[in-house]
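S.K.: Sequence:
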Amino acid sequence: SVFIVQRAVGGEQISSIGRGICVLLGISLEDTHKELEHMVRKILNLRVFEDESGKHWSKSVMDKQYEVLCVSQFTLQCILKGNKPDYHMAMPADQAESFYNNFLEQLKKASYILITIF
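Residues in the sequence shown are numbered consecutively from 20, following my numbering.
If you are wondering where the hints come from, they were derived from the structure by calculation, not from laboratory data. Treat the hints with caution; some may be incorrect.
[Said to hold, decoys possible] Here are the simulated SDA-like cross-link-like pairs (lysine to any residue), alpha carbons at most 20 Å apart as the crow flies:
#	residue 1	residue 2
1	K78	V59
2	K128	F118
3	K127	R38
4	K61	D82
5	K78	G45
6	K61	L123
7	K127	G45
8	K53	S117
9	K127	S72
10	K127	S79
Required output: the full structure, derived from the provided sequences and hints.
M.R.: Structure below.
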């Protein structure tokens, strides 16, 4: 969970959120529409926040109506081969862009919370 996240490029802020979660999404060659739907459900319903009485791990971003910041991050699919990174398990950029955009659309449809994109 985060309180405030900001992203700047060349000193210019391009994206930010208040309270919520930051999602780094690594898309694999093996990911399908079924996994996409599962990821959306898990992200929105993952209980990582306190409830009103202070009980930990009891409220989700949906419950709290917090924000979600999404970052496409192919490097999460890296496999180290010796001292060299191998990204062969990452979905190629042309396919990944479509998958990521579909992921964002599904996330927006499933929630009424602010979805910010890097």
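S.K.: Let me make sure I understand: some of the numbered hints might not hold for this structure. Which ones are they, in numerical order?
M.R.: 5 and 9
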